[in-house]
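Each chain is listed here by its residues.
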Amino acid sequence: MTRRKLIQGATAGILATVLLAGPALAADRTLLNVSYDPTRELYKEYNAAFIPHWKAESGEDLTIRMSHGGSGKQARSVIDGLGADVVTLALEADINAIAEATGKIPADWRGRLANNNAPYTSTIVFLVRDGNPKGIQDWPDLIKDGVEVITPNPKTSGGARWNFLAAWGWAAKTFKGDETKVSDYVSALFKHVPVLDTGARGSTITFVERGIGDVLLAWENEAFLALEELGPGKVEIVVPSVSIKAEPPVALVEGNAKTNGTEDVARAYLEYLYGTEGQTIAARHYYRPFKPELADPADLKRFPDLSLVTIDDFGGWKVAQPRFFGDGGVFDQIFQPGK
Amino acid sequence: MTSLNIFPQSPADIRPVLTDPPWARTLLTGMALAFLGLFLFLPLVAVFGEALAKGLGAYVSAIVEPDALAAVRLTLLAAAIAVPLNLVFGVAAAWAIAKFRFPGRGLLISLIELPFSVSPVISGLIYVLMFGAQGWLAPVTQSLGLQILFAVPGIVLATLFVTFPFVARELIPLMEEQGTDEEQAAMMLGASGWRILFWITLPNVRWGLLYGVLLCNARAMGEFGAVSVVSGHIRGLTNTMPLHVEILYNEYNFAAAFAVASLLAGLALVTLAAKSALEWRMGCHGASTH
Amino acid sequence: MSEKPPLAWKLQIRSPGVLPGFGPALGFTLLYLGLIVLIPLAGVFMKTAGMAWDDFLGKAFSPRALAAYRLSFGGALIAATINALAGVLVAWVLVRYRFPGKKVVEAAVDLPFALPTAVAGIALTAIYAPNGWIGSLLAPLGLKVAFTPLGVVVAMVFVGLPFVVRTVEPVLRDFETEVEEAAHSLGAGRGQIFWRVILPGILPAMLTGYALAFARALGEYGSVIFIAGNMPGVSEIAPLLIIIQLEQYDYAGATAIASVMLVAAFLLLILINSLQAWRRSRHEA
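Chains as they are written, first to last, in this note's numbering: chain A, 386 to 724; chain B, 71 to 360; chain C, 571 to 855.
The shape of chain A in the complex, shown without the other chains:
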């Protein structure tokens, strides 16, 4: 091959690539929803429902983009300039972090929408192997000899923080608030954890696909989804005596939406989550709807009854976040290497 041919070939290649890369977007506006890991399926269906709804309402062709990842990582991206119009994260603390660091979300965001901005809630349950070979029924069973527990890292995963607080909540009830005993139980629990993934999805895959561990602490919706994806007969759900009411909040990122000129549609997007269609879809994807009366009763029947503590029992996220998960907090103390 001569040099000339080489150059010609390379130029043609680059041109072709650039042409290929020029996407033709026909839509008028684009909405970016930055969300956490387990909501992938939920928002896939919700977006598919909202786009025609918005079209009927305004005649506009809307494009909705999704970004999923660990809740903390997603919040960090938004802080660093990811142009999210709305955030739908796992934790109030992560949205607080965005509000504090950027001011793009008003400080009093929580409560601007109903139910503390949580259109759906969830809880933490156990996922065990088929037939429950280790006989795991409740929290004390998790620290029995030979039981391996899978949970993601509370430092990076919102779900894992709910896991942690659910365990703490049970222990606090059981030991009548004896802090030493509570902390000993939670320390013991984390000694039974062989793999600490950074996100809820990573943990589910470790447990289900890699076959590691005897019990997975998971979002209720994530546990149901794993059951559905794998088909029954591989894993089953165990409901503990006490768990926590997890409120994954949603919020409008006003600063970005203003810049992008999407404030109206972003608001409508979040409000529609509270409507019949939003609540029905949430329930279908195993999230407990805020207004159960709007959802399909058949979907609701799947949710077991259990005793729930709430984040307010811990003094709210503004207290719980630094106390348990801040630098040098309770979790760090449990995970002192060599301890």
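Hint data in this document are derived by calculation from the structure and do not stem from the laboratory.
There may be inaccurate statements among the hints.
[Claimed, not checked] Distance windows between CB atoms, simulated: (1) A:Gly646 to C:Ser844: 24 to 32 Å; (2) C:Ser844 to A:Gly701: 53 to 61 Å; (3) C:Pro633 to A:Leu685: 43 to 51 Å; (4) A:Pro617 to B:Trp93: 21 to 29 Å; (5) C:Leu841 to B:Gln212: 51 to 59 Å.
[Stated by the list, open to error] Rough simulated footprint, nothing fancy, chain C against chain A, three-plus residues with beta-carbon under 8 Å: (6) 451-459; (7) 509-519; (8) 535-545; (9) 595-603.
We put the beta carbon where it would ideally sit given N, CA and C, even for glycine.
Since chain A is already given, all that's left is putting chains B and C on it; use the hints.
Chains B and C in isolation, oriented as in the chain A frame:
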């Protein structure tokens, strides 16, 4: 040479003192192949095996899915920008370093190689520190209305950084080896600098150049860590192929994840095949290591 | 950079007929190097310089960070050692023997350079997980690879595999067989020849490859995170800790650890270049 020898050596090698006994040869070859099998071939087989686990139909539909195609486009775009830029840089750097002697030359070579030993995570972090909302260049980019992070420019920058040394590293030793005699002869005949570069120097090192470009391209398309930090993971917009693999993997969609991964593995195989062909053409020069 | 190099530089240029283009070429090189590599990297140290010294020490050398360095450096050390030994073996087999499929093997050695690390990560995890092809064979023996520090080493071996092979191979190929024959005629056995003649000859190349493999393994992220268990203090590598700090909005912590890793990378690079200079001087001598 005994008749038991199942691994005949080339005639040049047939010197009794250099010949290990057949048992030793079999053993050593077996050990080497077992090591390579365990660490190289098995992962490759696993990629293609898992990709086709749900049949060819699932494989094809995973690849023609719009988000997957968008990821392919973005990956091609990032490589199409990063590779030519690093190619031009590599030629300029090799010209300055290989054809001239100047103080600080050794240091310059070390600095060029620096991105090889920097963790990809740090390669991403540096751009977050620069262009992040709290970064030291944030006021500049914000006033210009530029979106660097979580957009194509950030991904291109991270790719540029990790693939920075490939072409230069390949060309410097090669051009040094060529010396400057031909170039000086051409100069005496009145050739201009560009003419010398395009008609003498580059044709002399063309296979090495292509080799560098190939490896640069493979790395540009396959980079994960650095791009992951600056991408923002917006589906269909800022997901490159390796990131898309991770996303599919996290959606329990293993067959699809491995299908996209197999495209990248296929690219790796093509790269290796092209590289072997180049080595053959380069003959005894051989490709340098890195 | 001006078109005219300063006098001092001119004098050191070795050839009498100076080729054109030195100024622009060097100028462009320095500019591009500065923009893409040096200025962004300087940002890490600028950020670190803004921290109080105690604060920096506390973040860069917290017990958790120390454990991560131990794993990253220790794992890279073990992986590079395995690669050094196996690399010499593979290079030996490729240079000295012929066997069916040798060309394929020869080409495949470079696979880790070309295969994206994330792909390698999920593939290695699929193989070495307790329910994977190899993991299921090792599990009854009580040996766990994936999600343990051992898994980290496996991924590091993979990414560093080609370095030693590719540095040792050309040296071995150019090795003057007359030396071996001379040693043989002086009555040395095969083993003696290897230890006394061949090994010293390939040692500089082997060490260079070792250092390169080490540097690569030290910074590796993509393939390791899939297969490591990511337990703080146990199977959490330093690059992952940087990411985790970032995700906790602790930029200072992330930068502090990054700067330690960067200094290590600088030092390794200096070591590698002196090793290469040593090789060259031996080669020319």
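For each hint, the structure was consulted:
no.: 1; hint: A:Gly646 to C:Ser844: 24 to 32 Å; result: 58 Å, violated
no.: 2; hint: C:Ser844 to A:Gly701: 53 to 61 Å; result: 58 Å, holds
no.: 3; hint: C:Pro633 to A:Leu685: 43 to 51 Å; result: 47 Å, holds
no.: 4; hint: A:Pro617 to B:Trp93: 21 to 29 Å; result: 56 Å, violated
no.: 5; hint: C:Leu841 to B:Gln212: 51 to 59 Å; result: 41 Å, violated
no.: 6; hint: 451-459; result: holds (count 3)
no.: 7; hint: 509-519; result: violated (count 0)
no.: 8; hint: 535-545; result: holds (count 3)
no.: 9; hint: 595-603; result: holds (count 3)
When held up to the earlier numbered hints, the structure conflicts with 1, 4, 5 and 7 and fits the remainder.
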